[in-house]
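Enquirer: Each chain, letter by letter, is given below.
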Amino acid sequence: MQAAKIATSAVASVPVPGTTAEIVSFRPPMRPVLERIIDAARHTVSVVLPPLIVMSITLLVWQLLCSEPGARLPPPTKVVSDAWDFIVHPFYDNGGIDKGAFWQISKSLGRVGIGFSLAAVVGIALGVLVGQSTWAMRGLDPIFQVLRTVPPLAWLPLSLAGFRHSDPSALFVIFITSIWPIIINTSVGVRNIPQDYRNVAAVIRLSWWEVFYKITLPATVPYIFTGLRIGVGLSWLAIVAAEMLIGGVGIGFFIWDAWNSSRISDIIVALVYIGIVGFLLDKLIAVVGHFVSHGVSAQ
Amino acid sequence: MNQPYLKFEQIGMSFRRGQMETEVLRDVNLHIDQGEFVSMIGHSGCGKSTLLNILGGLLQSTTGEVFLEGKVVDEPGPDRAIVFQNHSLLPWLTVYGNIAIAVDKVFGGSQGKGKTKAERHDWVMHNLELVQMAQAKDKRPHEVSGGMKQRVGIARALAMQPKVLLMDEPFGALDALTRAHLQDSVMEIHARLGNTVLMITHDVDEAVLLSDRVVMMTNGPAATIGEILAIELPRPRRRLELATDPEYARCRAAVLEFLYARHRVPARAAA
Chain A
159 MQAAKIATSA
169 VASVPVPGTT
179 AEIVSFRPPM
189 RPVLERIIDA
199 ARHTVSVVLP
209 PLIVMSITLL
219 VWQLLCSEPG
229 ARLPPPTKVV
239 SDAWDFIVHP
249 FYDNGGIDKG
259 AFWQISKSLG
269 RVGIGFSLAA
279 VVGIALGVLV
289 GQSTWAMRGL
299 DPIFQVLRTV
309 PPLAWLPLSL
319 AGFRHSDPSA
329 LFVIFITSIW
339 PIIINTSVGV
349 RNIPQDYRNV
359 AAVIRLSWWE
369 VFYKITLPAT
379 VPYIFTGLRI
389 GVGLSWLAIV
399 AAEMLIGGVG
409 IGFFIWDAWN
419 SSRISDIIVA
429 LVYIGIVGFL
439 LDKLIAVVGH
449 FVSHGVSAQ
Chain B
104 MNQPYLKFEQ
114 IGMSFRRGQM
124 ETEVLRDVNL
134 HIDQGEFVSM
144 IGHSGCGKST
154 LLNILGGLLQ
164 STTGEVFLEG
174 KVVDEPGPDR
184 AIVFQNHSLL
194 PWLTVYGNIA
204 IAVDKVFGGS
214 QGKGKTKAER
224 HDWVMHNLEL
234 VQMAQAKDKR
244 PHEVSGGMKQ
254 RVGIARALAM
264 QPKVLLMDEP
274 FGALDALTRA
284 HLQDSVMEIH
294 ARLGNTVLMI
304 THDVDEAVLL
314 SDRVVMMTNG
324 PAATIGEILA
334 IELPRPRRRL
344 ELATDPEYAR
354 CRAAVLEFLY
364 ARHRVPARAA
374 A
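Line by line, the protein sequences give chains A and B.
Read the first sequence against my numbering and you will find it ends at 457, with the numbers running on by one and no gaps.
Read the second sequence against my numbering and you will find it ends at 374, with the numbers running on by one and no gaps.
Calculated directly from the structure, the hints in this document are not laboratory data.
Heads up, some of the hints might be wrong.
[Unchecked claim] The calculated SDA-like cross-link candidates involving lysine to any residue, where the alpha carbons are at most 25 Å apart (straight line), are: (1) 242(B) - 371(A); (2) 266(B) - 168(B); (3) 257(A) - 247(A); (4) 174(B) - 130(B); (5) 218(B) - 371(A); (6) 110(B) - 292(B); (7) 242(B) - 257(A); (8) 441(A) - 203(A); (9) 242(B) - 447(A); (10) 441(A) - 379(A); (11) 266(B) - 354(A); (12) 242(B) - 373(A); (13) 242(B) - 448(A); (14) 208(B) - 357(A); (15) 218(B) - 214(A); (16) 242(B) - 330(A); (17) 220(B) - 296(B); (18) 240(B) - 373(A); (19) 266(B) - 353(A).
[Unchecked claim] Some chain A residues flagged as far from chain B (calculated, every beta-carbon gap over 12 Å): (20) 239; (21) 276; (22) 298; (23) 330; (24) 377; (25) 438; (26) 450.
For clarity, every value in this text was computed on a predicted model and none was experimentally measured.
For glycine and all other residues, C-beta sits at the position ideal for the given N, C-alpha and C.
With the rest of the complex left out, here is chain A (with noise of 0.2 Å):
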């Protein structure tokens, strides 16, 4: 039965003379149970253990260092029992700029999703562009590897001036400052699509159209994703800067606003907020470009 299978799962067209062996296959013996979950607990602890030891003796440290009266920043205890209120209440909506937590977030959330929609339509656009023409590319590059290095914010003004409004300017700052890594990674992958894809296209004659999206969209998508990622955290930086400057409902003038009425303990749960919200956006586009890209990796 065994051997009847592997003879026609394989790939071999020559007929195999003689008899053939009775194939056994060996099981793994089971191993008791409480091994396993001992082992699996094992595996658990030496990997939840060293983030929270680390953690553990950063907060114990912070504590010391700022318990001692006249200190100038908070220890966590006293930054936890100040922003309780805080921290509990995240869907608190006292009209206004006085919003909780949640509400902050996702206001700062969605002008980066916007932008970075934005970005992310052009900039894959131009990099295809610019990865497919030579002349786009000596034409357009010097432009944009310029322009990447201006810092996000000193686009405000600028854009301040042109849009009049503070929404559309938070906008621009957040397309602008996440673009140059997608148009960058995109014309790379572009680029680097091996030219026996090309050849196939080429044979079976398809269309300028359907060589763009059956053969070279797929073919870049790894390096759209590297370039999306770094893209969604310099926009997640350039928010929270933007907003701090045009004020508002939005995490970054939460903080600025704390700063001026002394909070500094609302200022560090919100920093951390706004680390872990960074830290899952980043994941959230390796995830789905991994998704998407059926594993291929970029090599």
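Knowing the structure of chain A, use the given hints to seat chain B on it.
Expert: Okay, now just chain B, sitting in the frame of chain A:
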């Protein structure tokens, strides 16, 4: 009409890089009949691949023309499907998808040879069965072995129903056992479908075993056809029986003699 099926006429090819001009091919003339299996053998750098790419339409010859059924070849097309040396499967598509992309394009509605969706599906599966890969249709290229990838590459080319099947060292990257299996498969398919095949190879045994004629190329630069050897062994051919066949041994010796006695690679090129 005494027109040969496939005709290379005075093909010459030069590559220019800056001031340097390298003449790769000169005055290549070759006629191939329908259903013939022709191998092209020669040392590295003799322009075999260049010649195949000219027939494939991927390169334009500097001088001369290729005629297929009396028509000039000047662009790539599915009537001259290519089996690439490194299989060239698209890694984001499944085995099935890699063939379907070609079948859907070549036999899709608008292009005369239209097939319905169900017919196209059946045609993909038929070609996968031909190379014994039907059971792996949902795998992705990186999940199957090198030999299996090349089977899929062959199925993709066959699925286009080419007038000439071009094979660019199709088994060069495979181990000897896998190569032998694939050679047997190709012989079997050739016997069943009667394709016209032009294959490039480095392997003398492969050339003699598979071909009706072996075209031997002189060394470059300005390489051309040195000699053409007709292999008059009856088909079907079996590698085991041929091992002791005097005619096989004679053909093999003739090719070896051409390659290593008369057209030995110059020392500088061999390095």
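Enquirer: Output the indices of the hints that this structure fails to meet, ascending.
Expert: Going through the list in order, the structure violates hints 7, 15, 16, 24, 26 and respects the others.
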